[in-house]
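4 protein chains.
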Amino acid sequence: MIITPIQIRFADIDALGHVNNVNLQHFFDQGKVDYMQRVLGLSGVWRKEGFVQARTETDYLAQVFMEENICVRTTVSRLGNKSLTFSQQIYDADTGQIKAASVAVNVAFDFETQRSVAISDKWRQAIEEHGIENFQVADATGCAPRPGH
Amino acid sequence: MIITPIQIRFADIDALGHVNNVNLQHFFDQGKVDYMQRVLGLSGVWRKEGFVQARTETDYLAQVFMEENICVRTTVSRLGNKSLTFSQQIYDADTGQIKAASVAVNVAFDFETQRSVAISDKWRQAIEEHGIENFQVADATGCAPRPGH
Amino acid sequence: MIITPIQIRFADIDALGHVNNVNLQHFFDQGKVDYMQRVLGLSGVWRKEGFVQARTETDYLAQVFMEENICVRTTVSRLGNKSLTFSQQIYDADTGQIKAASVAVNVAFDFETQRSVAISDKWRQAIEEHGIENFQVADATGCAPRPGH
Amino acid sequence: MIITPIQIRFADIDALGHVNNVNLQHFFDQGKVDYMQRVLGLSGVWRKEGFVQARTETDYLAQVFMEENICVRTTVSRLGNKSLTFSQQIYDADTGQIKAASVAVNVAFDFETQRSVAISDKWRQAIEEHGIENFQVADATGCAPRPGH
Chain A
72 MIITPIQIRF ADIDALGHVN NVNLQHFFDQ GKVDYMQRVL GLSGVWRKEG FVQARTETDY
132 LAQVFMEENI CVRTTVSRLG NKSLTFSQQI YDADTGQIKA ASVAVNVAFD FETQRSVAIS
192 DKWRQAIEEH GIENFQVADA TGCAPRPGH
Chain B
72 MIITPIQIRF ADIDALGHVN NVNLQHFFDQ GKVDYMQRVL GLSGVWRKEG FVQARTETDY
132 LAQVFMEENI CVRTTVSRLG NKSLTFSQQI YDADTGQIKA ASVAVNVAFD FETQRSVAIS
192 DKWRQAIEEH GIENFQVADA TGCAPRPGH
Chain C
72 MIITPIQIRF ADIDALGHVN NVNLQHFFDQ GKVDYMQRVL GLSGVWRKEG FVQARTETDY
132 LAQVFMEENI CVRTTVSRLG NKSLTFSQQI YDADTGQIKA ASVAVNVAFD FETQRSVAIS
192 DKWRQAIEEH GIENFQVADA TGCAPRPGH
Chain D
72 MIITPIQIRF ADIDALGHVN NVNLQHFFDQ GKVDYMQRVL GLSGVWRKEG FVQARTETDY
132 LAQVFMEENI CVRTTVSRLG NKSLTFSQQI YDADTGQIKA ASVAVNVAFD FETQRSVAIS
192 DKWRQAIEEH GIENFQVADA TGCAPRPGH
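Chains as they are written, first to last, in our numbering: chain A, 72 to 220; chain B, 72 to 220; chain C, 72 to 220; chain D, 72 to 220.
Note that these hints are calculated values from the structure, not bench results.
Honestly, I wouldn't trust all of these hints.
Said to hold, decoys possible - Derived lysine-lysine pairs resembling DSS-like cross-links, with alpha carbons at most 25 Å apart:
id: 1; chain 1: B; residue 1: K119; chain 2: D; residue 2: K119
id: 2; chain 1: C; residue 1: K153; chain 2: C; residue 2: K193
id: 3; chain 1: B; residue 1: K193; chain 2: B; residue 2: K119
id: 4; chain 1: D; residue 1: K193; chain 2: D; residue 2: K119
id: 5; chain 1: D; residue 1: K153; chain 2: D; residue 2: K193
id: 6; chain 1: A; residue 1: K119; chain 2: C; residue 2: K119
This is chain A alone, in the form it adopts within the complex (with noise of 0.2 Å):
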């Protein structure tokens, strides 16, 4: 399990008083960026081999504040062939609490031939070593302070 603090910005939080349920999404895809780098090597902008997203499943648990200390915890909690699924939580670092859970389906994709492909033997092999996992759901595991706030 990768644990990735979140900066939150100002401008994530929209007219309601609250992060907005899209830049949510932006806290996931943080996450996945950090999973794939610490995990995979797959660092800076992808140029030949990455992943598109072609699912995703959100349920949105609670309101997320400016003033909150949140993570992100991230696991791969299934791999197949061509395609790879995230299970994911945006929680509070400081009480635990669960703010929104999201699995999503990501396909490996070769941007230069613009066509999907088999999932390599070296991400497949740290995959596995990492751990495909999925959450117990009581886990509150803390994460470090994020800085710039």
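Given chain A's structure and the hints, the job is docking chains B, C and D onto it.
Just chains B, C and D now, with coordinates in the frame of chain A:
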């Protein structure tokens, strides 16, 4: 069914050369806000009554590019006591190609008391008069060209 | 002068109930991209030739609200060898009130060689034919209603 | 001087492969909000007293890329009766390279009465104690690594 032309922004396009998947959620939001204004008369910023998003399920079917003529079609496909379900499609208005499809559960919410509330009779009647429907998959209605592009 | 109606997004509005100042820069960008397409024929994503922004000066004169009918007017006010200056205003199309004014220096750039280049004769001619001008401060031309709002 | 590490988002990168210039303004905002919290004690969403931006001048000096370690440094360089001026730089924390520099006039604002107000003595004192200063151009102080990248 409400049809909303989308004004793509240069910054919607990400490093992969297509509209970033998170930004596609802004397009779905634009359709929902348009429906709420045109069918429910909810305009501007909601001070008291409005909706919060409880769940979204989105299928990303094809990449969206800057030069495409993109619209969103929005219907209410289920009307409950406190919640309703939007069914939406982002599509190419020139070819009819469906780019992304989403189902979103929205809950009526009182922002003063910060509680979910029953959907008012006035709104219920407006939604029923407009029609509760699902998409015909083959449906490929065009929409007026978007400006500023 | 190019006039571009703006489609405000719900998430453009921040916790203060008005369009966030950073998001106003997206509106200016929309005007510049519209100018580049309609005057220079630069559409879609720039693969080789385009512009990078070198400097912006922006005055935020009045708050912009969700329910307002907002447009951007864009001119080129100076044409140099490698750079040009855009002069722009964000305004309320119903009242003519100027909300924000900006001057932006853009440099012609070759994204393949990653170097600034001279503005081509073809572009220079198109800009000169369209007219190099500054705004009449009292100018308050309307624009077509924006869709999806 | 306040130093704020920036958490770059995948969607900050545009089709040109660098952080979109509008999104760079989010980075400057992050620095200002951090200053306001750490020096003025202004946290969360401002209900009554806060600031509105009146003017920004920004020089975009070098492209910002996804894999870079980016920070913002923020000072108040002028303190007036109702307004103050922030001076800021976005820089590469590894090399010290200055990516963008900005000067922003902010006006103290009462969001209940919707009027500009004098900067309170409490804030004035905090700002003066922190120090009113301009940057030494050669300054290239590092900052802590940003998380989630």
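Each hint tested on the structure:
no., hint, verdict
1, K119/B - K119/D, "holds (19 Å)"
2, K153/C - K193/C, "holds (13 Å)"
3, K193/B - K119/B, "holds (15 Å)"
4, K193/D - K119/D, "holds (15 Å)"
5, K153/D - K193/D, "holds (13 Å)"
6, K119/A - K119/C, "holds (19 Å)"
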